[in-house]
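**Q** Each chain, written out:
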Amino acid sequence: MLFSDSHILSTILFTPLVGAILMLFIPRTNANAHRLMGNLFGLLGLAVSLPLLWRFKFGAPDFQFQQRLDWIPSINAHYFLGIDGISFLMVMLTTVLGAIAILSSWSAIHKREKEYYILLLLLQTGMLGVFMSLDFVLFYVFWEVMLVPMYFLIGVWGSERRLYAAIKFFLYTLAGSVVMLLAILMIYFKVNTFDIREILMSPHAMFARDLQNWLFWGFFFAFAIKVPMFPFHTWLPDAHTEAPTAGSVILAGVLLKMGTYGFLRFSVPMFPDATMKFRWIMITLSLIGIIYGALVCMMQKDMKKLIAYSSVSHMGFCTLGIFALTPLGLSGSIIQQVNHGISTGALFLIVGVLYERRHTRLISEFGGLATPMPNFAAVYLIVTLSSLGMPLLNGFIGEFTILRGAFEVRWQWAAWGVIGVVLGAAYLLWLYQRVMFGNVTNPANEQLPDLNWREWTTIGTLILFAFWIGIYPKPLFDVLDKPVQQIVMRYDPSYYAPRNATLPLLDAAPAMASAPAAATPAPPETK
Amino acid sequence: MNAVLPFFLDHIWLIPMFPLAGAALMFFIGRRLSNAAASAICVGSVGVSFVFALGAFFQLLGMPEGQRVAEKILFEWVPAGPYHMTSGSVTSFVADWGFLLDPLSAVMILVVTGVGLLIHIYSTGYMANEGGFYRFFGYLNLFMFSMLMLVLANNLLLLFVGWEGVGTCSYLLIGFWFKKKAASDAGKKAFIVNRVGDAGFLLGIFLTSALLGTIRFTEIGPALVTAHIAIGAPLITAIALLFFWGATGKSAQIPLYVWLPDAMEGPTPVSALIHAATMVTAGVYMVTRSNAIFQLSPLAMSVVAIVGAATAIFAASIGVVQNDIKKVLAYSTISQLGYMFLGCGVGAFTAGIFHLMTHAFFKGLLFLAAGSVIHAMSGEQDMTKMGALAKKIPTTYRTMLVATLAIAGIPPLAGFFSKDEILEKAFERSPALWVVGWITAGMTAFYMFRLLFMTFHGESHVDHDVEHHIHESPSAMTIPLTILAVLSIIGGWIGIGGRFEKFLEPVTASMGAPEIAAEAGKAPALLLMAASVLLALGGIWLAWMLYIKRTDLAAAVRRNAGALYDLVAHKYYIDEIYDAMFLNRSKDLGSSLGMFDAKIIDGLGVNGAAWLTRAISLVSMWWDTWIVDGSVRLGAFLVELASFPIRLIQDGEMQEYMLIIVIGLIGFLGYTVYLLHWMR
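Protein chains in written order, with our numbering: chain A, 1 to 527; chain B, 1 to 680.
Chain A on its own, in the form it takes in the complex:
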């Protein structure tokens, strides 16, 4: 194996951290130096992740770029990184959105720049670690570590009710993850390993049915709070609303994906019996989330809160797709997770543009902005269309595929889901109308400057991604093909072969079985 293959993930993971450490040595009075360093390492973090694009092998059955070192031998915990198609997309999403979020802060942050950029870079490392870890202890460390910078980002650089929001965010998420820690320990005492890959690659179910039920719910709270699924969503509007723009972008774009990623990586493949048993609950909560979130959007007076609730609705689609447990549902869900990062991230940048100019997010403060800000109007319109699922933009691909995947199991699921699509158009267009159309009634809005080059860069980049996914999503489907197949096979090993055919299951079973169990070191005795 090439040196760079085994170290590329570590490089991506720690580049932001190196930046943060270097910044400790720059005097705090030199704010511009911190801005430059922050942006430099944001871009560097993106740059070092780019080789993944051509080195990642589509369709390989195992995790790639693995790196495994002893970490805490006494409990058999390892420093173990590796990515498959799902985490590959999440890592790329993180590095891209991270760089954009950092760039978007340039003129928005005017106090404690040093700490701000250090925390953003720390956050970046934390999130990347979550998506790369193949060891439960390592995973849990990153999962918790990432809370801290986010807590400070909201609590220090947020708006009026920032302390309430920050504490609520921290405690709520922490409460969920503590239960997950118990579940992780339970796994450890059962199978004597923290090795995620080993458990995933095991050809047979590792856990008895009863235990699966416990473990499923143990993980459920951590992930459901993170996604967030109805009714665990109320931390989100507060955190989103109070966080600075970059915080909201990262929060919506990446942090929420950690919940769905958790379902995809742990709950669904590791506890298939429990997942099937409780699927109806998951689906019901998802459908409620889709419609409930959309309806609550209608009555919001605060732009950011409205977008936060729209996240509840959009993430409902993602969980719906996951628990449909069909290839289309799963790949649609993952693509929609990427899409949500792009569209909602862009929507928060849009609000950030207005907030930076007017220092308010109340819808009633705006109106008629299309006149002073024509470029902004065009850009905002495209973002709105992308978020409401207009074909040839990204949102449509995800929503369509998810609903098609859900339709395959029960047509009613898709039927309830499309209500969310209709409502999505309603609240987003209504918001757009109230902000952009009409005459300028508020004199403060008359002379608002149009987009500057930095805003063009950040939002424009996301729009390019939106068009790319809308017009040519094939690479995404290709990269997801294998991991999705591996998940589906856990539930129906004959899915990919015709049901009524007597042919041997083509390349179906080997995907699971080919991972040689012997290749992973045998778990040492703990006693």
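Hints are not guaranteed to be accurate.
Claimed, not checked - If we take Cβ atoms under 10 Å as the criterion, some of the chain B residues that face chain A in the derived model are:
#1 Pro79
#2 Gly175
#3 Arg195
#4 Leu207
Hints in this document: simulated from the structure, not taken from any laboratory.
No residue lacks a Cβ here, since even glycine has one placed at the ideal position from N, Cα and C.
Following the hints, complete the assembly by docking chain B onto the known chain A.
**A** Then chain B, alone, in the frame of chain A:
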């Protein structure tokens, strides 16, 4: 099939791309262009599309009959992965960037690019003095792209791209004057009502792929045959009804027609292009495109026919009492679309498409002429403030007269042929449907001539200020009017002798399923023709009586009709009912759920948990202070208490200590002596 295609057939995919390029140019550099440059680019791009469409049409015509299909697949668009069909077998979901030209789409691209080109030219005159000129043309070009995608797509999902795209452009163009609340409201309403329809269409696409394993048009027909789907199978009826649900949104049929009258807030060329000639006919196109599915479901066919007929007469009745010139035309459009669906529903798909084409000519012309009137009247749209304009704007008048005669169904104009064909087929299916269509034809003649008389004839009711500004429109506007007028006259002649029907036959011939209309008898064609022409003439006569000869009669009729007139004039209060039933209810629901979220989930649940935690911690603190720590302090207190008497003697006086020692010593000694004594 992809082997060697002639140039234009091989490049049909370019036809939508020219307007897309125009729109992109307007987006990026439009603001820096002069009006002349912007219109040159945008009109030019549609012109090139028209040339390519013509080329493709003639090359298609050059192919042997029965093989006139050209499919061009560029690349895979949504290769979503494997799924299980309803039959249980596995197949892959794939949607391509693929384009299909057959007789049906050939007719459509000619109508779209042809009428579209004329309306683009007209707009250069109509919009000349409006702000946002480049923006208007950018949207218009984007619309052309979407509409051409819609008719050229080779699969349902790509058709849906165009379907949603035209909806978006319609939203943008209705709300073009975005400072006007009514305009942006109307745009939003159009979009959302359309989305309600799209939801059905989307589910229909899901079901099609589940049942047939394909969404490609060229494969749907064969798949229906190989799947052995029986006539009237529930799933096929479900697909057809879901598709038709989608069509009622886009093509403004009952119950989703409500957005179209409001859409008249948009600039008049938009009404002509989108809300008369092209976009609103997308539903008819889609139903015809999937006629193989519809023909397998007699129930769905009946629904289409009945909804079409009901919409036709219902909208016509509203059109009779409208005073806004564009509103009359809007209801007329809804009514004429109803005719097209009536045609499709009785199995006369070619007649539906035929009427779609002629309607594009004369209704496009009617809107453009109305625009010319509005232009002359400095923006006035109320017909009660018009009158006697015929002499002042003669070209507009003459072209509008032609279009009015055409829509009224007077031979030998275009509308006569297409409407007659639909009515004839309707009679074969069910005389009741014919009666509805026949009465509607009379009403159409009446309200259209009412419009003509109120606008151009009789006494002038024009405001004095407006009066001396009245002028004929520039040639950029009158030339398209004239061309469309010619088309409105001769456009129907291609249907004579069944040539049009024969051309479309490969698309609409039923795929292996016996024709539904076969059992019906043959209609007495000439008799029906005479009946409808007579009724049309009667309608014209009535309009003449009421609005020219005895103008007092109209007022008298209005007075005597009382409540009925009110009901119709208020459009049967449908908008109010919808608002009360759906719009306000979902807003209420949103508000109450918002309250629920804030008060119950967050208030009681999350903050409640926080409160509970704090309450418990208070109790714990109390417990800790008074019970836990209290018992510690109690212990200390008890020790202290117990030590009190002993402490009394510990006062630091040496003499006392000595005394106590001596006393103790004596006591000890005494005790020892006593013990020794006792032991003995």
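**Q** Hints numbered earlier in the text: which of these fail when held up against the supplied structure?
**A** Those not satisfied: there are none.
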